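S.K.: Going letter by letter, the sequence shown gives residues 2 to 174 in the working numbering.
Incorrect hints may have been included.
To be verified - Lysine to aspartate or glutamate pairs mimicking EDC-like chemistry, simulated, CA-CA at most 20 angstroms apart: (1) K144 <-> E58; (2) K144 <-> D37; (3) K144 <-> E124; (4) K144 <-> E161; (5) K144 <-> D40.
Claimed, not checked - If you anchor each label on the Cβ, the simulated ranges turn out as follows: (6) S111 <-> R59: 15 to 25 angstroms; (7) D30 <-> T8: 10 to 20 angstroms; (8) T6 <-> A154: 19 to 29 angstroms; (9) S140 <-> T18: 38 to 48 angstroms; (10) R59 <-> T8: 10 to 20 angstroms; (11) S140 <-> V24: 23 to 33 angstroms; (12) L128 <-> R150: 16 to 26 angstroms; (13) Q48 <-> E124: 16 to 26 angstroms.
These are computed hints drawn from the structure, not numbers from a lab. Remember, predicted model here, so these are calculated numbers, not experimental data. The C-beta atom is built at its ideal place from N, Cα and C for all residues, glycine as well.
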Amino acid sequence: MRALTDTEVRDSFVNATPDERRVLAMPVDFLLTDWDHLDFFAWRDPQTRGRGYIVAERDGELVGVTLRAAEGSSRAHSGLCNLCHTMQPADQVALFTARKAGRAGEAGDSVGTYMCADLSCHENVRLAMPLAPLEMRASVDRKIDGTRRRTEAFVDRVLEGTRVGAASSTDAS
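Please put together the full structure from these sequences, using the hints given.
M.R.: Rendered as structure tokens:
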């Protein structure tokens, strides 16, 4: 992913109002971000409990999505992140929902999926793994590619019925 500025990130959100974009808290280490190792940019809001963000590139344009983590805990012992397909203890996977972009979001429509609670999917798939007897090294590359594709598919679900440049649809309100 190319290096992003604070303004580019804030302007990318398709399911946030101008006020929400203005007050969102960037990650504390934003200036230290290693952009070369990111397929998308994701973080939990350090000031607002339960809020998270994902910024991905779709068709050459930045698309940011505001997320809300579900409250409560699961009785399950483990959970699977639907983005990186990493199995983790249940308290490290959370249901995140995103208001859809445009008129659908204004009408209350949303989409959701289970994600790593700290939104560190891009790191989880890059962790060195012991090789199983017939496992190939390329499996890490496939995991990285799969995580990117599934993240883009989630962003596409938020955008359903709108164009990528629809960030201005909430500005018109």
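S.K.: Each hint should be assessed against the structure and marked as holding or not.
M.R.: Taking the hints in turn, this is what the structure says about them:
1. Taking the CA atoms of K144 and E58, the gap is near 18 angstroms; set against the 20 angstroms cutoff, the hint holds.
2. Pair hint K144 plus D37 holds up; C-alpha atoms about 17 angstroms apart against a cutoff of 20 angstroms.
3. For a cut-off of 20 angstroms, the pair hint linking K144 to E124 stands: about 11 angstroms separates their Cα positions.
4. This hinted pair does not check out: K144 and E161 have alpha carbons roughly 25 angstroms apart, beyond 20 angstroms.
5. Distance hint between K144 and D40 is fulfilled; the C-alpha atoms sit about 12 angstroms from each other, no more than 20 angstroms.
6. Taking 15 to 25 angstroms as the suggested C-beta distance range, the pair S111 and R59 conforms, at roughly 19 angstroms.
7. Take D30 and T8: their Cβ atoms lie about 18 angstroms apart, and the range 10 to 20 angstroms holds.
8. Taking the beta carbon of each, T6 and A154 are about 26 angstroms apart, inside 19 to 29 angstroms as hinted.
9. Here the CB-CB span from S140 to T18 is close to 41 angstroms, well matched to the stated 38 to 48 angstroms.
10. Separation of R59 from T8 is about 19 angstroms and conforms to the stated range, judged on CB atoms against 10 to 20 angstroms.
11. Distance hint check: the CB atoms of S140 and V24 are about 41 angstroms apart, inconsistent with the given range 23 to 33 angstroms.
12. At roughly 19 angstroms, the beta-carbon separation of L128 and R150 lies within the given 16 to 26 angstroms, and the hint holds.
13. Between Q48 and E124 the CB atoms are about 22 angstroms apart, so this pair conforms to the stated range of 16 to 26 angstroms.
Violated hints, in rising order: 4 and 11; the structure is consistent with all others.
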